Amino acid sequence: MNWFREILSVAISGLTARKIRTLLIMLGPVLGAAGIVAAVGLNESAKGDVRQTLERLGTNLIVASADGTFSGGEAPTLPEDAVDRAKNVSTVDRVAGITEIGSLTVLPSQGGRDFFRTIPVPVLTSDQNLLEVLDARMLHGRFINGADERNQFRSAVIGHDLASDYQYLPGEIRTIDVNGETYGVVGVIENVDLVPKLDTAVIIPKSSAEEDFDVEQKPTTLYVRATEGNVDSTADALPIAINLGGNEGVTVAVPSDLLEAQGAVDTTLRNILFLMGGLALLVGGVGIANVMSISVIQRSGEIGIRRALGHTKMTIAMQFVLEALFVGVLGGIAGVLAGVGVIYLVSSILGWIATLNIPLFLVAGGMALIVSVIAGLYPAWKAARLEPLETLRLG
Amino acid sequence: MASTGLQHSNPAGSRKAQLFQLRDVYRIYGEEPVAVHALDGVSLDIHAGDFMAIIGPSGSGKSTLLGLLGCLDLPSKGSIKVGPTEITDLDDGERSKLRGNSIGFVFQQFHLIPHLTALGNVATALLYRDLTKSEIHQRALEALSMVGLAERHDHRPVQMSGGEQQRVAIARAIVTEPLMILADEPTGALDTKTAKIVLDIFKNLQDENRAVVLVTHDLEIAEQMDRVVSMRDGKIIADDLRSERTDALEDRFWESASGSKLE
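Quick note, the sequences are listed as chains A and B, same order.
The numbers in the working numbering rise by one with no breaks, and the one at position 13 of the first sequence is 431.
The numbers in the working numbering rise by one with no breaks, and the one at position 236 of the second sequence is 233.
Hints in this document: simulated from the structure, not taken from any laboratory.
Among the clues, some could well be false.
Unchecked claim - Here are the computed lysine-lysine pairs in the BS3-like style, where the Cα-Cα straight-line distance is at most 30 Å:
| no. | chain 1 | residue 1 | chain 2 | residue 2 |
| --- | --- | --- | --- | --- |
| 1 | B | K94 | B | K190 |
| 2 | A | K731 | B | K74 |
| 3 | A | K800 | B | K74 |
Stated by the list, open to error - DEER-style ranges, computed between Cβ atoms:
| no. | chain 1 | residue 1 | chain 2 | residue 2 | range |
| --- | --- | --- | --- | --- | --- |
| 4 | B | A147 | A | L780 | 46 to 52 Å |
| 5 | A | M732 | B | D204 | 36 to 42 Å |
| 6 | B | N206 | A | L780 | 27 to 33 Å |
To be verified - Facing chain B, according to a computed beta carbon distance under 10 Å, are these residues of chain A, among others:
| no. | residue |
| --- | --- |
| 7 | V428 |
| 8 | A435 |
| 9 | S582 |
| 10 | I723 |
| 11 | R725 |
| 12 | L727 |
| 13 | L763 |
| 14 | S766 |
| 15 | L807 |
Please read all numbers here as calculations on a predicted model, not as lab measurements.
Cβ coordinates follow ideal geometry from the N, Cα and C atoms, glycine included.
One chain only, chain B, in its complex shape:
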């Protein structure tokens, strides 16, 4: 069932370290009277080890929330803290550094740099960190090993399947050992079998006490997540744990899409 009163709940419990904290966050595009309220007073906590899906129909504010969680955007109003750091107080350089150190991104379309090898793509995340060439090489290779692609390190994206490309993207996301992995429809372009492999990799990351946040339309994927945040009209309408969930996620999705509770 939807729990609209849980917009800033802490379903994971207070024992886990709080990584991200959003309080009363608004993101408004344009000026009144034609302003678009993409996020409308969202509050959310993300803790270490959270394995979370954000679901909701198009236009519900998922992407805007993802952009703010990824420090790729700033709220129009409200507070976003990464650990103790308020990101709205940071300049672009500081925010970039925080993003590089704390967040790993995985995208539906992989977004690998086509002229670089798998190793080169992963190594890109380690640039400008005062690491030696051999350190970068070593760490990138280790990350590729974790996703089972060490032997294909010298292949370019065009020489790899979609699943392999997504695994390279995951290696790129984890190579910096971030606090949180933000994945935007990570299995959207993959077949079921490959999607399962990718999801298993994410589960392993959760075991390392990182937070994994997936934006997805795939309810089968969302069903496997420990925590599901449902959004509608720029608001969080439900945020609960799998163990506490009483209604079918499918019903929840349609509820958020239609704006009314299913009978």
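Extracted from the complex, chain A is given alone in its bound form:
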């Protein structure tokens, strides 16, 4: 134990005696480990905000849309009782339907006709639990309720982007012109990430739509939340449950899949970046071997006197291996910290969510350590083989 403690202290004193050179040797593992951590971490951080959105929205929303079979040449609709049919699937948690009403012109009715959108504004009716199913919230105001339906109020709820376009201010009493009928805007919905079309839509009560535009109450789209872990099986079952026969006529999509694909870390890119970091580490390793070899030549006098004092070849070799080990440990830690610093810096500049991969730290630090020790083996062998007679220059 004494032997190891002593050799450890000799190695440390060897490193601390030549601080600049030690720092130069350490640059290799520092840059290598920092490269690996930063490259992979930045790649993951770039996807972090998408993944965070996914976590918030959940991945169990299924959208079932009519694809035309049920309604022939008309705008495609689902059966009138599609919501009830969907509820028959045991893995369905919540369902809300909407009916899109085509060919309606929407304009801000008061003093803002110049601001109409060039893109058609979707007008739709929906079940009152739509927001609950979508996990969406009102920005201000309220959603369509039972009173609106019962009394055929011309109430309208609009999407966030449409409110912005029409320059509606929160709490302001405003109306909206839907195909010549004036509807009072009772609320604005926050952005709905999973169903972006609602951001520019106008939602009106079913009863008013029927009265004003002679709309049939057949849903065009169902939003379904499946119970946990049953998204795929529910998506498979929904078309059958809704059309009570074959799969035709109902298209099913899971919107989070797209987001998930966007948010997924590109494995190939990640591997390439990892390899580049590894390459940097390898180059660092060559640097360590190089600088330490020069150091062995510079310290040949010290090695010679230690050998003359009775230190064995193995002790001398161990001293240099331990120096390399320390360089690896400290360089690895410093490299990981530097990599984390880069991730936070770049993420803060680019507005990403910094994502830290702790196991990667261990991998990068461990690689720095291994490369350093391997790089230290040759100089250690060289030091051990130095003949004291040659280094001490007797006579």
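Place chain B on chain A using the hints.
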């Protein structure tokens, strides 16, 4: 006068313990026909308490002999015994241990480790011996006291004069209580006054019944040694005691350098 027949003489007498024994030792570098015979059949005994100088011109084999006596090298042929142990039978680890325990080195250029203090340099000789930190500290400090440098134990070599550095090197050599001190031109880099101080320290070591072997070009130093071994062309050409010496050492030196006896 030169006594070529005394190559393995025992001028110190048989009462003293024999520490080192060289018999018919050759050290040949390279292969024939370009081989260099650095030592050519040398035999020599060193006893406890010997206070000995090895003199001779450059290329006479002094350094090679010093390397072999210090177990830093192995002979091409012949036998070297330290006490009863034949060093050619030992592996590197065993030879290192023997060297660490039995021999203390002092060099012309001191060879102190620059980043260590005086105490650290002396303590280096005590590493890997299963001693506690405080034992090492204590013994290193005692060795520094013996050379009068205890108060400067925390100074680095660069903060010391040449004489002080050499005294630290001597403390490092004696801290392990070796059988023999091998000194290579120990006063070569020192002024006369400091050289005398260093030589006095060596004399004190002789009093402790250690062998002190100096390789030197300085005949004034050699004159003060009890025993002088003269070398030429890898051979010992004279080995005698001061009390028996009849010719001037200077003549001996020139004789060995020129290869012919002075008239």
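Now for the hints, and whether the structure bears them out:
1. K94/B <-> K190/B: Answer violated: K94/B to K190/B is near 36 Å, above 30 Å.
2. K731/A <-> K74/B: holds (24 Å)
3. K800/A <-> K74/B: holds (27 Å)
4. A147/B <-> L780/A: 46 to 52 Å: Given about 49 Å between the Cβ atoms, the range holds.
5. M732/A <-> D204/B: 36 to 42 Å: Since the Cβ atoms of M732/A and D204/B sit about 37 Å apart, the hinted range of 36 to 42 Å holds.
6. N206/B <-> L780/A: 27 to 33 Å: Since the Cβ atoms of N206/B and L780/A sit about 60 Å apart, the hinted range of 27 to 33 Å is violated.
7. V428: This hint holds: V428/A lies near chain B, its Cβ roughly 7 Å from the closest one there, short of 10 Å.
8. A435: Holds. Min distance 3 Å.
9. S582: S582/A check fails; min Cβ-Cβ to chain B is 69 Å, beyond 10 Å.
10. I723: With a closest approach of 5 Å, the I723/A hint holds.
11. R725: With Cβ-Cβ at 7 Å, under 10 Å, it holds.
12. L727: Holds. Min distance 5 Å.
13. L763: Violated. Min distance 37 Å.
14. S766: With a minimum Cβ separation of about 42 Å from chain B (threshold 10 Å), the hint on S766/A is violated.
15. L807: Holds, about 5 Å.
Violated hints, listed in ascending order, are 1, 6, 9, 13 and 14; each of the other numbered hints is respected by the structure.
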